[in-house]
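2 protein chains.
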Amino acid sequence: MTEPDKRRRILDAAVKVFAQYGFYNSKVSQVAKEAGVADGTIYLYFKNKEDILIQVFIDSMDEILRRQEEAQEGLEDPVEKLRVFAETHFLSVAESRALAEVITVELRQSSKFMRSTDMKPFGRYLGMIAKIIEEGQDAGAFTRTLSPRLTARAIFGAIDELALEWAMGKRQSSLSDTCAHTTELFLTGLQTRPTSTPSSGGKP
Amino acid sequence: MTEPDKRRRILDAAVKVFAQYGFYNSKVSQVAKEAGVADGTIYLYFKNKEDILIQVFIDSMDEILRRQEEAQEGLEDPVEKLRVFAETHFLSVAESRALAEVITVELRQSSKFMRSTDMKPFGRYLGMIAKIIEEGQDAGAFTRTLSPRLTARAIFGAIDELALEWAMGKRQSSLSDTCAHTTELFLTGLQTRPTSTPSSGGKP
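Those protein sequences? They're chains A and B, same order as listed. Start counting at 1 in the first sequence, then tack on 543, and there's your number in the numbering used here. Start counting at 1 in the second sequence, then tack on 543, and there's your number in the numbering used here.
This is chain A alone, in the form it adopts within the complex:
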């Protein structure tokens, strides 16, 4: 097994073990067993159990960022961009329930971790959503009254919550329904649109 293969194998094993037993109840020796390596080998690649979780997170965020960038390629319409973003997030989560559980549940266990500089990839992820919103505002497709930063965070929160529900197996809707639904909410909102607006010159 080459060095990068071994590192990858340990990370994959960690995802399985953390998802099954929870991060705090998991032991490094369980990860080693699942990966088929000696306990000591783990420490050639990682400082401790927390370091493994951080690397799982960084690797996964890198992977989802790469997928998002690939999915956005060639898209022009801001509405389409936002739809594709939500879809890619859901698909990535659906693909690996164990990974989703580790990222959405286990990752939040340590508030120390949430405050660390290792949250940079998360900042990049939020930045991608904010950029789609800014571009949409510049193109006149999105309203300028909403802050791209706050809106990006709200959209991430909503997508993440629905993805969590999905990962936990409480699925009352199909993936594509949930996805279409979420983007419709962000795009057009709950309020019914008036049949005419002040600028249209009063009632028809």
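Because identical chains cannot be distinguished in the list, a pair is counted as satisfied if it fits within a single copy or across any two copies.
Derived SDA-like pairs (lysine to any residue); straight-line CA-CA distance at most 25 Å:
#1 592 x 606
#2 570 x 604
#3 674 x 717
#4 570 x 584
To be clear, the hints were calculated from the coordinates, so they are not data collected in a lab.
Position chain B relative to chain A; hints supplied.
This is chain B only, laid out in the frame that chain A set:
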């Protein structure tokens, strides 16, 4: 100290200790010290550390549900109801940063807990949002194309994410701005509204 006082005092101490050290790093003896009771006293009221966290959660959800019900009293307009709901959630979180941290961060640490029947108060909370949406749909104020259940979950996710950011102290906006912003996003959406609609009879 009467019995209910002692229980309350232990729970308040637990919130402080869990928020400072994280749930898994906290010891029951630290909670006892903070509450000013003997270690053994804790076990008269709670089975173990996890039971304390569950009771903190149930008590807090009961309190926030009570506040939400009180805040909704006498309101008729669905839009106003949704605004007040978001506002009350943010105000409750802002009032106790420690409690917010325990609820939004520490609570997610155990996926076992997330799956337990103790999540009932959370279901009631989601149900309150879904009911506001259903009533709004019946009154013709909200579009019927959105599912109340999925929308409630998406709205909770967005509010919770922004409340988490607030609780973590990364505040780039005032509480009222964040609040107004979030409800505007749900109500009117990102897309700019057309200046006239097909039913208004063309351009003015």
